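Asker: Okay, here's what each chain looks like letter by letter:
Number of protein chains: 4
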Amino acid sequence: MTTPSTPTRGYTASKDQLLARLRRVEGQVRGIERMVDEDRYCIDVLTQISAIQAALDKVALGLLDGHARHCMREGAAEGRADEMAGEMMAAVARLMKRG
Amino acid sequence: MTTPSTPTRGYTASKDQLLARLRRVEGQVRGIERMVDEDRYCIDVLTQISAIQAALDKVALGLLDGHARHCMREGAAEGRADEMAGEMMAAVARLMKRG
Amino acid sequence: MTTPSTPTRGYTASKDQLLARLRRVEGQVRGIERMVDEDRYCIDVLTQISAIQAALDKVALGLLDGHARHCMREGAAEGRADEMAGEMMAAVARLMKRG
Amino acid sequence: MTTPSTPTRGYTASKDQLLARLRRVEGQVRGIERMVDEDRYCIDVLTQISAIQAALDKVALGLLDGHARHCMREGAAEGRADEMAGEMMAAVARLMKRG
Chain A
338 MTTPSTPTRG
348 YTASKDQLLA
358 RLRRVEGQVR
368 GIERMVDEDR
378 YCIDVLTQIS
388 AIQAALDKVA
398 LGLLDGHARH
408 CMREGAAEGR
418 ADEMAGEMMA
428 AVARLMKRG
Chain B
338 MTTPSTPTRG
348 YTASKDQLLA
358 RLRRVEGQVR
368 GIERMVDEDR
378 YCIDVLTQIS
388 AIQAALDKVA
398 LGLLDGHARH
408 CMREGAAEGR
418 ADEMAGEMMA
428 AVARLMKRG
Chain C
338 MTTPSTPTRG
348 YTASKDQLLA
358 RLRRVEGQVR
368 GIERMVDEDR
378 YCIDVLTQIS
388 AIQAALDKVA
398 LGLLDGHARH
408 CMREGAAEGR
418 ADEMAGEMMA
428 AVARLMKRG
Chain D
338 MTTPSTPTRG
348 YTASKDQLLA
358 RLRRVEGQVR
368 GIERMVDEDR
378 YCIDVLTQIS
388 AIQAALDKVA
398 LGLLDGHARH
408 CMREGAAEGR
418 ADEMAGEMMA
428 AVARLMKRG
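Chains as they are written, first to last, in my numbering: chain A, 338 to 436; chain B, 338 to 436; chain C, 338 to 436; chain D, 338 to 436.
Bound conformation, chain A alone:
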């Protein structure tokens, strides 16, 4: 039912893609520093912060997806499925509450 060639859909992200996204986030944070430094209108700064948070959520989902697809499968093979599901739920809870 699923294709054997691993269709990299949805939130799946390669290490290079994750790094590229993080570098872009780093640049966005520097952009906000500049905006604050130049006393730009606070609502515009807030819009940029929301954009960064959305980008970080995407990175987080890419990592979680890798965890669910790979780490958890290896963990299951080693009898650590419950432990790893618990870890993943704690991570999701922190993401939902943001820290």
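Hints were generated in silico from the structure; no laboratory data involved. Every value quoted in this text rests on a predicted model; they were computed, and no experiment measured them. Some clues are possibly wrong.
Intra- or inter-copy, both count: the list cannot distinguish identical chains.
Claimed, not checked - Distance condition first, Cα-Cα at most 16 Å in a straight line; then the derived EDC-like pairs of lysine to aspartate or glutamate: (1) K434 to D394; (2) K352 to E420; (3) K352 to D376; (4) K395 to D353; (5) K352 to D374; (6) K352 to E370; (7) K434 to D353; (8) K434 to E370; (9) K395 to E375.
We have chain A already, so just place chains B, C and D on it with the hints.
Answerer: Here is chains B, C and D on its own, set in the frame of chain A:
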């Protein structure tokens, strides 16, 4: 495959626990309707809304935990691991963005 | 005190609209109880929970909007502007962290 | 540096404090890049992402607080109170949905 005593830690919740939490949430929503109807101070109503959202997040984490521990294991046995990981990620993304 | 035409844009909501939304949320929570009771697929239940969270966010924004437009203006007239801004920020912080 | 009378409570933050927080966030993002590059355990990376989201939320609340205390007061004096309340609600909505 899993320990027979099942150490119900973390976010694991039984069907009865989930239903009890949802009934409590239903009561909390009715409580907010009353507060709005009686023109109570908006900040107090907002505090109650945050409490309901936290309770619903807990229900969601309980369901996700069951999904990660049970459905995904069954799915893996049927060769649907990738499909189910994708479904779970989409659900987590919706919870993070709240709808 | 407020403009007589009141351009009801954005998140502004009347008491009747808020109550109607809350009654709908109450029905949605009951719907989820039924889904859990009938052992419906967890991912479908999670989708419904996200829909409720979005609906509650909309109620919260309607209340915050009223607070910013009316309560804060009255508070400012009574010299309580800082106190009320502080209360509002605490409410926003709780909504962002969901409780 | 801040006005001596103003009880700088809650989320109020000076420009210097905001800039210091943003520089710290920038360093945290670089730390995550390193973690991903070194193939560190995904759950640990996710914990760091949640810490950044919490730090950005704090920056956002500091900016919103300034908006509510200062910009909105000036706006009210210029008859733009409704417009500015609408802008602030849209910003809060984006923060709640994260982008």
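Asker: Does each hint hold? Answer for all of them.
Answerer: Structure-based check of all given hints:
{"no.": "1", "hint": "K434 to D394", "result": "both (12 Å within a copy, 9 Å between copies)"}
{"no.": "2", "hint": "K352 to E420", "result": "neither (25 Å within a copy, 21 Å between copies)"}
{"no.": "3", "hint": "K352 to D376", "result": "between (36 Å within a copy, 8 Å between copies)"}
{"no.": "4", "hint": "K395 to D353", "result": "within (14 Å within a copy, 30 Å between copies)"}
{"no.": "5", "hint": "K352 to D374", "result": "between (33 Å within a copy, 8 Å between copies)"}
{"no.": "6", "hint": "K352 to E370", "result": "between (27 Å within a copy, 10 Å between copies)"}
{"no.": "7", "hint": "K434 to D353", "result": "neither (28 Å within a copy, 25 Å between copies)"}
{"no.": "8", "hint": "K434 to E370", "result": "neither (25 Å within a copy, 22 Å between copies)"}
{"no.": "9", "hint": "K395 to E375", "result": "neither (29 Å within a copy, 20 Å between copies)"}
Violation of the numbered hints given earlier is confined to hints 2, 7, 8, 9; the remaining hints are satisfied by the structure.
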